[in-house]
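Chains A and B, in that order, give the protein sequences.
For the first sequence, the numbering used here assigns the number 1 to the initial residue and increments by one for each residue that follows.
For the second sequence, the numbering used here assigns the number 1 to the initial residue and increments by one for each residue that follows.
Keep in mind that the hints were calculated from the coordinates and are not lab data.
Some clues are possibly wrong.
[Said to hold, decoys possible] Straight-line distance between alpha carbons at most 25 Å, and here's what the computed DSS-like set of lysine-lysine pairs gives:
| id | chain 1 | residue 1 | chain 2 | residue 2 |
| --- | --- | --- | --- | --- |
| 1 | B | Lys158 | A | Lys271 |
| 2 | A | Lys504 | A | Lys472 |
| 3 | A | Lys179 | A | Lys100 |
| 4 | A | Lys97 | A | Lys157 |
| 5 | A | Lys275 | B | Lys158 |
| 6 | A | Lys100 | A | Lys157 |
[As the list claims (entries may be wrong)] Now the in silico label distances, taken between C-beta atoms and shown as ranges:
| id | chain 1 | residue 1 | chain 2 | residue 2 | range |
| --- | --- | --- | --- | --- | --- |
| 7 | B | Ala29 | A | Pro235 | 47 to 53 Å |
| 8 | B | Leu13 | A | Arg123 | 35 to 41 Å |
| 9 | A | Pro235 | B | Leu88 | 35 to 41 Å |
| 10 | B | Ala29 | A | Glu269 | 26 to 32 Å |
| 11 | B | Gly40 | A | Ala456 | 49 to 55 Å |
| 12 | B | Leu159 | A | Pro235 | 29 to 35 Å |
| 13 | A | Lys275 | B | Glu223 | 50 to 56 Å |
| 14 | A | Ala456 | B | Ala29 | 26 to 32 Å |
| 15 | A | Val154 | B | Leu170 | 42 to 48 Å |
| 16 | A | Glu269 | B | Pro115 | 19 to 25 Å |
| 17 | A | Ile377 | B | Leu26 | 24 to 30 Å |
| 18 | B | Leu170 | A | Ala214 | 48 to 54 Å |
Note that CB positions come from ideal geometry on N, CA and C, so glycine has one too.
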Amino acid sequence: MTPNRLRPTTPARLLAAAALGAAAAGGAAAQTLTYAMNQDIRSTNPGVNRDGNTDAVAQHMVEGLVGYDAKGVAAPMLARSVQVSPDGRTYTFKLRKGVKFHNGAEMTSADVLWSWNRYMDPRTQWRCTSEFDGRGAVKVEKAEAPDAETFVMVIDKPSALFLATLARFDCGSTAVLHKDSVGADGAWIKPVGTGPFKLEEWRRGEFVTMSRFAAYQPLPGPPNGTVGGKRPLVPTLRFLHVPDAATVKAGLLSGAIDIADIDASQVNELKATGKVSVVSGPTAQMHTIILQTKDPLLASKPLRQAIAAALDTAQIVQAVSDGLGVPNNSVVPSASAYYTAVQKQGFKHDVEKARRLLREAGYKGEPIRMLTNKRPIVPSFEVSVIAQAMLQAVGLNVEIENIEWATQLERYQKGNYQMQSFSYSARLDPALGYEAIVGPKAKQPRKVWDSPQAQALLDKATEVTAPAERQKLFDELHRLQIDEVPIIVLYNNVDFSALARRVKGYAPWFASTPRLWEVSVQ
Amino acid sequence: MLGFTLKRLLTALPTLLLVAVAVFALVRAVPGDPASLMLGDMATEASVADLRAQMGLDQPIVAQFARWLGRVLGGDLGQSIQYAVPVLPLLLERFMVTAAVVVAAVAIAALIAVPAGLLAAWRQGSAWDLGVVATATLLMSIPSFWMGLLLLLGLGLKLGWLPVVGYVSLSADLKAGLVYLVMPVLTLVLVESGVLIRMARAAALEVLRLDYVAHARAKGLPEPLVLARHVLPNAFAPTWTLIGLVLGNLLGGIAVVETVFTLPGLGRLLVGAIFARDYPVIQGCMLFITFVYVMVNLVVDLLYPLFDPRVVAE
Chain A
1 MTPNRLRPTT
11 PARLLAAAAL
21 GAAAAGGAAA
31 QTLTYAMNQD
41 IRSTNPGVNR
51 DGNTDAVAQH
61 MVEGLVGYDA
71 KGVAAPMLAR
81 SVQVSPDGRT
91 YTFKLRKGVK
101 FHNGAEMTSA
111 DVLWSWNRYM
121 DPRTQWRCTS
131 EFDGRGAVKV
141 EKAEAPDAET
151 FVMVIDKPSA
161 LFLATLARFD
171 CGSTAVLHKD
181 SVGADGAWIK
191 PVGTGPFKLE
201 EWRRGEFVTM
211 SRFAAYQPLP
221 GPPNGTVGGK
231 RPLVPTLRFL
241 HVPDAATVKA
251 GLLSGAIDIA
261 DIDASQVNEL
271 KATGKVSVVS
281 GPTAQMHTII
291 LQTKDPLLAS
301 KPLRQAIAAA
311 LDTAQIVQAV
321 SDGLGVPNNS
331 VVPSASAYYT
341 AVQKQGFKHD
351 VEKARRLLRE
361 AGYKGEPIRM
371 LTNKRPIVPS
381 FEVSVIAQAM
391 LQAVGLNVEI
401 ENIEWATQLE
411 RYQKGNYQMQ
421 SFSYSARLDP
431 ALGYEAIVGP
441 KAKQPRKVWD
451 SPQAQALLDK
461 ATEVTAPAER
471 QKLFDELHRL
481 QIDEVPIIVL
491 YNNVDFSALA
501 RRVKGYAPWF
511 ASTPRLWEVS
521 VQ
Chain B
1 MLGFTLKRLL
11 TALPTLLLVA
21 VAVFALVRAV
31 PGDPASLMLG
41 DMATEASVAD
51 LRAQMGLDQP
61 IVAQFARWLG
71 RVLGGDLGQS
81 IQYAVPVLPL
91 LLERFMVTAA
101 VVVAAVAIAA
111 LIAVPAGLLA
121 AWRQGSAWDL
131 GVVATATLLM
141 SIPSFWMGLL
151 LLLGLGLKLG
161 WLPVVGYVSL
171 SADLKAGLVY
181 LVMPVLTLVL
191 VESGVLIRMA
201 RAAALEVLRL
211 DYVAHARAKG
221 LPEPLVLARH
231 VLPNAFAPTW
241 TLIGLVLGNL
251 LGGIAVVETV
261 FTLPGLGRLL
271 VGAIFARDYP
281 VIQGCMLFIT
291 FVYVMVNLVV
301 DLLYPLFDPR
311 VVAE
């Protein structure tokens, strides 16, 4: 043994050499785009065993007849065109030619029909079956493939939400799949779709890797929501499960992670390192305070109006988003095509008015409990703390009850609360946003706003398809919501993504899901 | 020995049954619904009802328990709600990751702690002793997540010696797998060696005061031999018990360390299952952890006579 081998730096060298070896084990690490996910996916089966991360990952492998464009409007994806009959009940989808599945087979209407029948088979356990069997938005009465390029669906009544629901991420975009996706017994194997990336491997609790689908047929033009250009520009894509925010940060700074969503408080710190850039964009995710209108106390409209007047939305948004969010009191997302001057008219912060309304409501200091949670991905807790201070300032006795998300969600579903600091996931069509809150509480306890007038407007908005007519309905709904105050929308979330310097072409978008097509590494 | 082992295994059965009942009851008593969680805030009443029926959650609670227990007795821990795969292979796969880290860490920690504690006791009151005690106290005081983050930032980020995220299984690539295990193992070694050092030192101090040690010295035996032949074997037995407890405890999950170092271990599986209300996985993990704890303690007890001949396993 030479003296040189005993130098104290030897272990360090060995470790470094081993680390390099480990890195080399990744082989084409330089060609791999790594995106950090805070949670593992639940399955590779689109729209079945799913959550937000599962939907986002699936979007890279599968596509539906329609998708969402950048403004949240349903637009053709695998369909070349969509024709609606004059009575609004028959949808004729002409399919794009030359679209290939990951196994090389060419997509035909038979595949669309097979996929649809599989979704509607109760054994599939599709999350959206109830949306299309008459219990939800519509009932699909007939689906057929008259020729190889045509797929026809007949629904029971005209619906403005039919295409939007087909395109929904939680429905897996009603993806068209090849039969090879399932075994002979119908059991799920893996997605054999038409998306820009092919599934390579999913290791539970670790990562999902995909490879570039060389035969992908992109739509022309730049990226546009989940339609538009979707070229796979990197050979390998890896969704890496990293649950700890501090580890994500270390991964970004070390170069092991290329893209990660971060919260507002980390933006300046990460920018200051000079090793990553940060991009941001408004989304349709909605941060709100919901009020239980059947609660004996909060049934009082003046009391709810007093709460709205007591809250300084701009200040709350400024504080919880580090000044990067834009106040929006409307259910219509600020980035929506339907967001106009009407939606910009929100609640007015007026302490004196709040006090006057409290007197009018006969409020005598009864306690009001506000549920909240500390999930790191939403500002619920921060919102509740600031809101509590503002409400107490006008004499409202608001107490905060911080609970775990599963418990809060269950209480939301059952309507078991007075107030909640609550965040809604992105709903790209405003009618879907209103659908989440408007409805009869007796039948649907989760509904926040039990108003016949609002229900009639919503029903109309789900039927008519003309944008101008829908705009009028959304305007009316907004004015009514501001007056009745069943919900206090605060703002639409701003997504922040930290990018390694080598990443080009990535941007957050309206739906708050990652889009890793048309993204390259240099 | 065989009789003792069988007796211990039989006494473990009521423990496992009690744990099964308690875990099932507690998990179901916690608010939150797996179907609602899976479907999220976009769920409709109809879709939640459909999913609950598919999961069997619409059945009476007693029927659910009876069905689950029946499966467990047949060696089937059920199907994960979250991943839709059988629980037993899933948790065995995750346990192997945890076990690799924990066994290596506890072995290394013991190899450091026992000599360090012995030497500190031998030189009680010296600078070495003070240094060992102070270091052990400091290590005991540092939470594992903080130690992990310090190592991550130091060895991973600042020095760039080790990868900061990811995991490679030992079976897939031994060399790369070992590299990814260095920091988690080191974290546990540092955190757990503190308590083992303290125990080893205290046990050695007791033995050093005994007459036979004085006798060994009086008859002119060199100090290294006194320590190796008379002090170490007698002082090791209590430390061995503690090593067993630490091992059993850590094998039950090192969720924090696994989270910091993105290890797909048993602890992270359990924490994820709790948040997702994945009842079969929670129940399966808790039963499995109890079983592991019982087995580790059994092995410790069976090996105890090797270190202390006064103890007989019967």
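Verification of the supplied hints:
no.	hint	in the structure
1	B:Lys158 / A:Lys271	holds (18 Å)
2	A:Lys504 / A:Lys472	violated (40 Å)
3	A:Lys179 / A:Lys100	holds (13 Å)
4	A:Lys97 / A:Lys157	violated (30 Å)
5	A:Lys275 / B:Lys158	holds (13 Å)
6	A:Lys100 / A:Lys157	violated (33 Å)
7	B:Ala29 / A:Pro235: 47 to 53 Å	holds (50 Å)
8	B:Leu13 / A:Arg123: 35 to 41 Å	holds (38 Å)
9	A:Pro235 / B:Leu88: 35 to 41 Å	holds (37 Å)
10	B:Ala29 / A:Glu269: 26 to 32 Å	violated (41 Å)
11	B:Gly40 / A:Ala456: 49 to 55 Å	violated (27 Å)
12	B:Leu159 / A:Pro235: 29 to 35 Å	holds (30 Å)
13	A:Lys275 / B:Glu223: 50 to 56 Å	holds (55 Å)
14	A:Ala456 / B:Ala29: 26 to 32 Å	violated (42 Å)
15	A:Val154 / B:Leu170: 42 to 48 Å	violated (57 Å)
16	A:Glu269 / B:Pro115: 19 to 25 Å	violated (43 Å)
17	A:Ile377 / B:Leu26: 24 to 30 Å	holds (27 Å)
18	B:Leu170 / A:Ala214: 48 to 54 Å	violated (34 Å)
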